[in-house]
Amino acid sequence: MVKQAKAQSASKSGGDNFTRWLVIGMVVLVVSTGAIFSVVSQKSKANESFASLDGFKVGAAITATVDPANGSGITINTGAVKTIDLWEDPQCPVCNTFEQTNGQYIDDLVRSKKANVVYHVVSFIGDESVSAANAAYCAADEGHYLDFHKAMYLVQPSLENSGFYTTENLVKIGKYAGLTSQSFKDCVTKVSKLDLVKTAYDSMTTYKVQGTPTVFFNGKLWERKNSGFVLDEFTAAFEAS
Amino acid sequence: MKSFNNKYQPIITLVARLILGGVLFTAGALKAFKPSESAGATAAYKILPTDIAHVVGYALPWLEIAIAILLIIGLSARFAAVMGTVVMAVFIAAIISVWARGILIDCGCFGGGGAIDPTKAAQVHRAYLLEILRDLGLALCGLYLYFFPYGRLSIEKPLQVIEEQ
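Heads up: the sequence lines are chains A and B, in that order. Here this note's numbering is used: the first residue of the first sequence is 1, the next is one more, and so on. Here this note's numbering is used: the first residue of the second sequence is 1001, the next is one more, and so on.
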């Protein structure tokens, strides 16, 4: 104890102060170099995931409306006999599984006008869901919601709020989905659709939606029997509805 | 107690350095090369705005590694111990904060991280408690090192000791 106390007083001398600053400097250097390395590798990883969008086929533009009456869902084919209400969060991994299984079938239903599909883009997973949901509404305005939706799930990061759904990357996803206009870019950058994003999120309570993905056929909640998603089950449920 | 400490202090100091340094090094190394995981884990605490949380997530593993190396080799051990204790205090505060706000997450302490679904609430709360106790123990190691930074197998030795030899 005594020795250590003396050592402490000795360490107040000029020489040791120099060592201390040297050490602090080295720590700062290591930490900042490491952080920069992390940011750079993060960027290159994002670029890699965009590679999966190479050759993405953009479909024809489709008019979508946003109806406050149904919780500001992105609504396509109003007036069709059958209705599908789809509740999804852009970051939810299970929604991605759902999309990879049933997405193409639903796209076909929309494009062939066989169903009135309402996409409720909700954002309860965090800030990045809000940004992505906003971009989804921007895409709907320009008639490319389906393409944006598909592309967005193709590059969905496995981790939530990990810095992937940035303005820059959302604009980039849009580019692949045929959204090259300045108005789309502005809409994403300025988060112009925040009101709609909020209304959609708040409507979860009204419709008693507790998680995503949730599907309603003609207003009736779909309860699947299989633990995973099976296309045949979904198709049959739609046909029966 | 005092004489016990006098007798074994250099060894206790070494052990404390290796425990705190070892845990920090492992935690840092497991996360340093998975930046998006680390950034996501930090954001999941919902304490900092997402952008700032990401930067913290990128830098934190490297800070842990830097502190760990200083502790293990015994260079500026007192300074490193203070840093280590502060980091542990921040971790404890962060876990208490998520617990109090009812957020369920994997702490991401050794990689991983992110939200956990509500069905596992009991397990998560148990994990929070264990994490707080663990970090408390590590903070105590740091505190001990603040008072007794010089021990066995250390690069830096107190000037007094060098003079005596």
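Because the hints were derived from the structure by calculation, they are not lab data. Hints should not be assumed to be uniformly reliable.
As the list claims (entries may be wrong) - Here are the simulated DMTMM-like pairs of lysine to aspartate or glutamate, each with C-alpha atoms no more than 25 Å apart in a straight line:
{"id": "1", "chain 1": "B", "residue 1": "K1120", "chain 2": "A", "residue 2": "E168"}
{"id": "2", "chain 1": "A", "residue 1": "K43", "chain 2": "A", "residue 2": "D54"}
{"id": "3", "chain 1": "A", "residue 1": "K114", "chain 2": "A", "residue 2": "D202"}
{"id": "4", "chain 1": "A", "residue 1": "K185", "chain 2": "B", "residue 2": "D1051"}
{"id": "5", "chain 1": "A", "residue 1": "K175", "chain 2": "A", "residue 2": "E223"}
{"id": "6", "chain 1": "A", "residue 1": "K198", "chain 2": "B", "residue 2": "D1051"}
{"id": "7", "chain 1": "B", "residue 1": "K1157", "chain 2": "A", "residue 2": "D127"}
{"id": "8", "chain 1": "A", "residue 1": "K225", "chain 2": "A", "residue 2": "D54"}
{"id": "9", "chain 1": "A", "residue 1": "K198", "chain 2": "B", "residue 2": "E1131"}
{"id": "10", "chain 1": "A", "residue 1": "K220", "chain 2": "A", "residue 2": "D67"}
{"id": "11", "chain 1": "B", "residue 1": "K1120", "chain 2": "A", "residue 2": "E223"}
{"id": "12", "chain 1": "B", "residue 1": "K1046", "chain 2": "A", "residue 2": "D16"}
{"id": "13", "chain 1": "A", "residue 1": "K43", "chain 2": "B", "residue 2": "D1051"}
{"id": "14", "chain 1": "B", "residue 1": "K1046", "chain 2": "A", "residue 2": "E168"}
{"id": "15", "chain 1": "A", "residue 1": "K190", "chain 2": "B", "residue 2": "D1117"}
{"id": "16", "chain 1": "A", "residue 1": "K175", "chain 2": "B", "residue 2": "D1106"}
{"id": "17", "chain 1": "A", "residue 1": "K45", "chain 2": "B", "residue 2": "D1051"}
{"id": "18", "chain 1": "A", "residue 1": "K208", "chain 2": "B", "residue 2": "D1051"}
{"id": "19", "chain 1": "B", "residue 1": "K1046", "chain 2": "A", "residue 2": "D202"}
{"id": "20", "chain 1": "A", "residue 1": "K172", "chain 2": "A", "residue 2": "D195"}
{"id": "21", "chain 1": "A", "residue 1": "K225", "chain 2": "B", "residue 2": "D1117"}
{"id": "22", "chain 1": "B", "residue 1": "K1046", "chain 2": "A", "residue 2": "E223"}
{"id": "23", "chain 1": "A", "residue 1": "K45", "chain 2": "B", "residue 2": "E1131"}
{"id": "24", "chain 1": "A", "residue 1": "K82", "chain 2": "A", "residue 2": "E223"}
{"id": "25", "chain 1": "A", "residue 1": "K172", "chain 2": "B", "residue 2": "D1051"}
Item to complete: Against the earlier hints, flag every one the structure doesn't satisfy and list their numbers going up.
Response: 1, 3, 5, 7, 8, 9, 12, 15, 16, 18, 22, 23
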